[in-house]
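Asks: Starting from the given sequences, assemble the full structure and let the hints guide the process.
Protein chains: 2
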Amino acid sequence: MLLYDCGNKEYKNWIICETSFDAQLLGKCESIMALGNGYMGLRSSMEENYTKQTRGLFIAGTFNKFDCYEPSELPNAADVVELEIVLNNEVFSLEKGVIYSYQRSLNLKTGELARHIIWESPSKDKYKLCFKRFVSLDNLHLIGMKVYITPLTGESCIRVTSGINGQMTNSGVQHFHEGEKRIYDQNIMEFIQTTCQSKIDFIFHSGHTWKIDSDKQIPTPRMIISRRKLEMMYDFMIPKGKTLIMEKICTVHTSLDKSYCYKEYSLQDLRDKTLTEFIELNRKGYDLLFNESAKKWKRYWKEVDIKIESKDSFDQLTVRFAQYHLLIMTPAHDSRFGIGAKGLTGEGYKGHTFWDSEIFILPYFTFTNPQIARKLLEYRYHTLNGARKKAIKNGFEGAMYPWESAFTGDEETPEWGAVNILTGEATRILSGLKEQHITCDIAYALWQYYKATQDIDFMKKYGSEILFETASFWAKRVEWDEEKKSYCINDVIGPDEYKEQVNNNAFTNYMAHWNIQTAINHYRECKEKMPQTFKRLNKKLDLERRFKLWNEVVDKIYLPQPRKTDKVIPQDDTYLSKPLIDITKYKNASAMQTILQDYSREQVNNMQVSKQADVVMLLYLLKDKFSKDVKEANWQYYEPKTLHDSSLSLSVHCIVACDINDKNTAYDFFKKAAQIDLGPNMKSSDLGIHAASLGGIWKAIVFGFAGISIEDDKLHINPKIPPLWLKLKLPLKFQGYNMEIEITRDCVQIKNKTKTDYPLEIFIGNDKYLLKEKLRVDLQGVSPQK
Amino acid sequence: MLLYDCGNKEYKNWIICETSFDAQLLGKCESIMALGNGYMGLRSSMEENYTKQTRGLFIAGTFNKFDCYEPSELPNAADVVELEIVLNNEVFSLEKGVIYSYQRSLNLKTGELARHIIWESPSKDKYKLCFKRFVSLDNLHLIGMKVYITPLTGESCIRVTSGINGQMTNSGVQHFHEGEKRIYDQNIMEFIQTTCQSKIDFIFHSGHTWKIDSDKQIPTPRMIISRRKLEMMYDFMIPKGKTLIMEKICTVHTSLDKSYCYKEYSLQDLRDKTLTEFIELNRKGYDLLFNESAKKWKRYWKEVDIKIESKDSFDQLTVRFAQYHLLIMTPAHDSRFGIGAKGLTGEGYKGHTFWDSEIFILPYFTFTNPQIARKLLEYRYHTLNGARKKAIKNGFEGAMYPWESAFTGDEETPEWGAVNILTGEATRILSGLKEQHITCDIAYALWQYYKATQDIDFMKKYGSEILFETASFWAKRVEWDEEKKSYCINDVIGPDEYKEQVNNNAFTNYMAHWNIQTAINHYRECKEKMPQTFKRLNKKLDLERRFKLWNEVVDKIYLPQPRKTDKVIPQDDTYLSKPLIDITKYKNASAMQTILQDYSREQVNNMQVSKQADVVMLLYLLKDKFSKDVKEANWQYYEPKTLHDSSLSLSVHCIVACDINDKNTAYDFFKKAAQIDLGPNMKSSDLGIHAASLGGIWKAIVFGFAGISIEDDKLHINPKIPPLWLKLKLPLKFQGYNMEIEITRDCVQIKNKTKTDYPLEIFIGNDKYLLKEKLRVDLQGVSPQK
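Protein chains in written order, with the UniProt record's numbering: chain D, 1 to 786; chain A, 1 to 786.
I should point out that these hints are in silico values taken from the structure, not numbers from a laboratory.
Heads up, a few of these hints could be off.
Okay, derived cross-link-like pairs now, DSBU-like style, lysine-lysine, Cα gap no bigger than 35 Å in a straight line [claimed, not checked]:
{"hint": "1", "chain 1": "A", "residue 1": "Lys124", "chain 2": "D", "residue 2": "Lys124"}
{"hint": "2", "chain 1": "A", "residue 1": "Lys683", "chain 2": "D", "residue 2": "Lys96"}
{"hint": "3", "chain 1": "A", "residue 1": "Lys258", "chain 2": "D", "residue 2": "Lys128"}
Replies: As structure tokens, this is what we get:
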């Protein structure tokens with residue numbers, strides 16, 4: 001059972017709590033309670049073993065290819081969390097004996113995971129156990145653990161086996177060579193492993209300190225070195241009522257670490273340096289190290305915390321949960337790495353970066369921490385060569401971004417997926433070939449970043465080049481259709497992945513058009529305002545020739561128009577002519593894609609059934625291109641046909657519902673979006689949290705309920721806060737201004753926390769205001785948005 | 001708890017039985033109750049999952065190298081045994097609820113594993129469950145399973161998930177590419193995987209049939225294809241008292257299968273052929289298929305069963321257990337494959353072949369099934385090139401056999417082992433470089449085979465070449481020692497692996513000497529009696545030159561002589577001068593090498609402590625070289641210093657104790673040897689059964705208690721049956737004679753089951769007898785052996 005209201009006082013709406021134990025349903029809390037810091041992500045599996053646990057430690061960017069048949073994936077690194085605890089010859093396991101009390105909680109405010117248990121063993125010995133754990137936000141390489149064991153019934157002989165276990169796999173796939181194992185001074189374990197193909201060295205250090213109550217112990221462990229594994233076995237005799245306290249400190253470093261391997265890389269150097277550092281950290285101990293991390297969390301929350309005064313206080317926790325994960329999933333320390341679709345919390349999608357990153361997650365950083373947003377966009381610059389290769393391989397030019405991206409920018413989408421229930425074969429996955437909108441999505445996101453930050457330096461160094469390269473791809477990709485007298489984009493998959501190999505997916509066509517048009521505009525801006533950049537890129541990319549091509553193509557791209565009868569924009573050339581089916585059975589199945597248990601993908605392809613927002617996604621991204629009528633008509637047409645079988649769907653529907661002023665429906669979708677990870681479906685997050693959905697929750701609040709958007713470079717605010725909410729207070733960074741925006745039902749107040757000589761123009765409704773230090777606008781007096 | 005006396009009537013002394021369940025101690029029965037047929041070995045893990053289980057399916061000969069740092073190993077193939085059984089929404093697991101009755105048994109006579117359980121779920125529903133399983137001796141590719149589930153309390157909703165799981169690893173090492181997965185007709189699963197380096201294709205087929213009581217069911221399963229995995233999920237509603245019966249039939253084939261891939265190999269052919277065959281097998285069903293296998297077991301036992309009438313009937317079961325495993329470990333179907341040190345029952349020693357095969361196991365086949373013995377020796381012929389490469393690489397000539405051998409004959413000994421408790425580093429394993437006696441052991445075994453079978457065809461094709469090549473290695477390997485005026489063999493490890501890098505290990509020197517001397521003798525025999533072979537080998541090996549070298553060296557090899565004072569043969573140049581320590585603490589620790597928890601290998605190297613029989617091994621192999629006095633003196637000197645930390649030690653001590661006529665001690669060692677796998681140490685067999693020890697048990701009976709040996713080509717019998725035994729009856733094949741030998745305290749009776757015109761000369765004690773059809777010798781009248 002999950003509870004979200006156990007936080008009290010300073011921790012109110014900060015605690016995710018599990019109040020009972022179910023050995024069959026461990027995946028969910030392993031993911032949603034995961035710890036991390038963007039450098040690493042650690043699934044919150046229990047210390048003791050269960051058959052259905054999935055231990056996971058993922059280090060950002062450390063991709064490896066198992067063989068030539070499988071794409072690169074983020075390897076599951078050695079486990080340090082496992083402890084075998086034997087209490088009077090009985091292995092501690094909550095599947096046995098009696099659980100008198102159980103509570104596990106993740107404190108979103110401090111980043112600490114804690115578990116409190118009172119357990120009676122099958123032989124009737126009672127124990128109090130407490131487990132604490134954190135991944136440091138202060139030292140990105142650090143994992144801390146602390147365990148308390150108190151025998152309550154009588155003296156107990158306690159054996160703890162603790163080690164570093166490199167037998168971990170990604171569902172059976174081993175990414176590491178055996179490695180080197182070493183124990184120093186019967187205390188510090190060192191384990192060095194190298195990934196098999198990418199040849200990234202990993203160095204683990206781990207050590208233990210022991211106390212009985214406050215008395216320090218120096219036990220002599222039994223040491224075991226076996227295959228891919230080191231273990232230390234400790235024995236204690238603990239009297240009734242006394243507490244055995246173990247601290248286990250671990251660090252992980254890799255040869256990708258910029259801060260350690262900046263000059264010529266040498267494994268021996270890294271090993272020496274990290275061992276020396278480890279000894280110091282191990283000496284400091286859990287409490288001190290945890291406090292240093294908690295301070296960093298405090299600083300983070302001070303900057304980004306959103307306050308929601310809602311009659312349902314779960315709304316407040318929802319956004320904090322999202323913001324917690326948005327931080328721990330993001331490798332802000334290194335722009336060579338992207339964000340995985342499951343963050344660093346699970347094997348799902350192999351750690352690959354999708355459009356989720358730009359369309360769902362990037363905006364959070366663009367508007368709260370633009371430095372991080374810039375790094376995430378730089379990742380797409382670092383992988384530009386992969387995108388160029390893909391374009392050339394497919395007969396185009398410019399950059400054709402991979403649908404799934406890892407370290408190099410090569411296409412990493414796996415070829416085979418789940419069963420085809422008709423043929424019994426694995427289904428071919430076409431996204432890597434056909435889901436091409438990723439390229440305009442990236443252009444869109446970088447443009448939004450540029451507009452929101454005015455970061456010209458970024459455009460000069462990276463942004464303009466990406467924008468021009470993506471536009472160039474589309475200009476070659478479009479195909480002339482003599483019948484339509486237009487440039488068409490045939491044989492694609494749009495955002496709705498239940499429609500494969502369609503022609504003229506509206507979303508793709510509009511966004512490709514936008515991509516080229518924006519490149520044309522920026523070409524002029526660049527030529528005029530950044531002549532050096534222009535000169536360099538013109539030389540590198542033959543811009544003048546390309547500019548001509550863009551102009552030839554852009555106005556002739558086929559943009560499906562709303563039907564006259566009902567204003568419905570055809571999702572693609574054939575969607576509207578396909579038969580309808582009753583999808584009630586599948587519609588509330590929590591994104592489990594249950595329809596594929598009854599129909600094959602081909603069959604689903606030929607129905608008016610959508611996996612996720614597609615036209616609705618278009619209505620959101622290019623909101624000023626469509627009238628309110630058209631938006632309403634399309635929302636009404638498509639939503640009932642949409643299963644929301646992708647976690648990318650609900651939050652977008654929420655935002656568009658806000659846009660068409662249907663606050664109740666919007667709130668409904670917001671609540672549903674929160675349920676994707678936090679809801680009662682205990683299987684939904686087994687493979688990791690839903691990164692895009694968490695970004696979507698922040699977006700639903702900021703772009704949906706707060707109604708914030710950029711139009712013509714200006715900030716617009718059109719609040720649509722839900723009936724249950726009294727107040728929404730959020731921090732926002734825009735064009736160098738650091739604001740705090742407070743919205744109630746009646747009024748918008750904005751505080752500018754930046755010292756600046758120029759006031760910022762802000763539109764509320766249709767009216768322009770100037771923000772200096774503070775601005776207060778009564779919503780009743782505002783003329784409605786056009 | 002293990003029980004060995006539960007078999008009744010026709011199954012008396014045929015049943016290994018486990019009467020209680022302990023989730024912490026699963027490894028032992030997984031190994032000792034393993035099923036197999038020499039083609040494959042299947043660990044007897046339970047259908048349901050436990051954290052400490054080790055599932056294993058090993059197909060003989062299918063070695064693969066994970067990377068260039070690890071030796072070849074026998075990969076753990078996909079699992080077909082796992083079943084998730086959900087009873088009224090409760091996952092079936094014996095760690096929960098109440099076990100009312102539990103019994104698991106392996107029937108050695110029929111090769112069937114059965115488990116009977118009455119279990120009450122935590123929600124108080126009672127069930128009767130029965131699981132049966134066999135690996136066919138009739139169709140080497142076949143695994144059959146049958147499951148019965150009866151709800152006893154009320155109607156029960158039963159879900160069974162069953163599949164083929166390729167996520168298995170060897171302690172984390174994945175040897176297979178992802179592979180191709182397919183389900184035919186919602187029923188037959190097909191999984192094709194290829195090993196990553198050796199590129200061996202594996203094809204699995206699996207299907208289910210269902211009944212409720214006797215009514216056939218045709219359920220519609222949910223099909224799941226995921227990473228390296230296929231699953232079928234079946235749902236049933238079973239009324240109280242009715243029984244759901246599932247049969248699961250599986251086959252495994254590989255591209256190494258000679259009987260399938262004799263012509264040009266094509267995966268598609270193999271796939272078509274095996275699918276067609278599978279459909280037929282699946283139709284036949286468990287009972288019929290099991291009966292076909294049981295018939296083959298019956299035939300085996302008819303040929304090899306040894307009858308022991310002992311006051312302790314466990315002795316009878318001990319030898320049957322050994323013979324059961326000796327059959328299932330042996331790839332009799334293909335002479336390209338050897339026997340692993342753990343048979344096919346576990347990951348231990350990576351499936352590699354050691355001297356265990358020739359010295360401990362081969363004799364069983366030499367004297368009961370010479371065709372199989374020949375195949376095992378042919379394996380050493382197939383790997384001769386690897387041995388030649390090793391000789392050349394080390395600066396010698398001829399054949400220097402690898403200490404650990406896999407498919408090619410290349411040296412496969414891993415480089416690093418367990419922890420050095422002093423330095424905290426992994427210990428360097430030197431056996432691959434230094435444990436050179438394997439080469440004479442192979443020569444010895446093939447000579448014994450030749451003497452016992454007179455298989456001249458074998459010698460012509462394979463044996464002579466191996467013998468000459470091994471002798472040639474030794475003739476180059478010996479080093480002239482000016483001081484000793486002898487050829488020495490320095491820097492070796494003898495059988496006693498606690499003494500590394502010693503000079504003139506007595507065992508090695510004597511055996512090398514024997515090897516060269518036997519080659520010299522055989523050279524003459526070969527030249528005279530097999531001139532074609534001689535001509536061919538002379539050309540190939542430059543025999544005449546080598547013959548000269550052998551003769552130059554042979555009489556000058558340093559053979560450590562018994563000390564005059566106490567008749568003790570120095571194990572090596574320094575052993576006797578090393579300090580003694582009190583080893584009581586370590587001596588009865590069930591081969592767990594506990595001494596290495598207190599001392600490093602270097603420290604142990606410098607004590608008079610032996611891991612296993614070394615001089616005592618020599619006394620056994622070259623028994624006619626040493627007088628009874630010398631044997632006694634050395635047994636008395638070395639045994640107290642021997643920890644028996646290798647499973648190769650006890651049975652040899654038993655045989656030598658018989659030889660020196662100490663029947664009580666011999667029986668004691670026999671009993672201890674039986675405990676290696678069948679004893680109460682529940683960890684001893686986790687990594688697999690002890691193949692050499694099982695061969696040793698047979699040898700202890702036949703060479704020890706029955707006192708059978710070959711001297712000057714003649715069969716000798718000097719019975720030493722233990723005081724508790726009334727009768728020992730054993731089949732024996734010798735020089736084409738198929739005998740049944742019956743020994744009581746007073747008399748030896750021999751039946752000759754072969755039709756032959758010539759009687760066989762047999763020595764009993766010092767007297768010669770002639771066996772025609774039958775022979776009966778009263779032991780009282782026999783003059784004692786010299």
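Asks: Each hint: holds or not?
Replies: Against the structure, the hints come out as follows:
1. Lys124(A) / Lys124(D): Given that 35 Å is the threshold and the Cα spacing comes to 21 Å, the pair holds.
2. Lys683(A) / Lys96(D): Distance ~22 Å between Lys683(A) and Lys96(D) Cα, so the pair holds.
3. Lys258(A) / Lys128(D): 61 Å, violated
Going through the hint list in order, the structure does not satisfy hint 3, though it satisfies all others.
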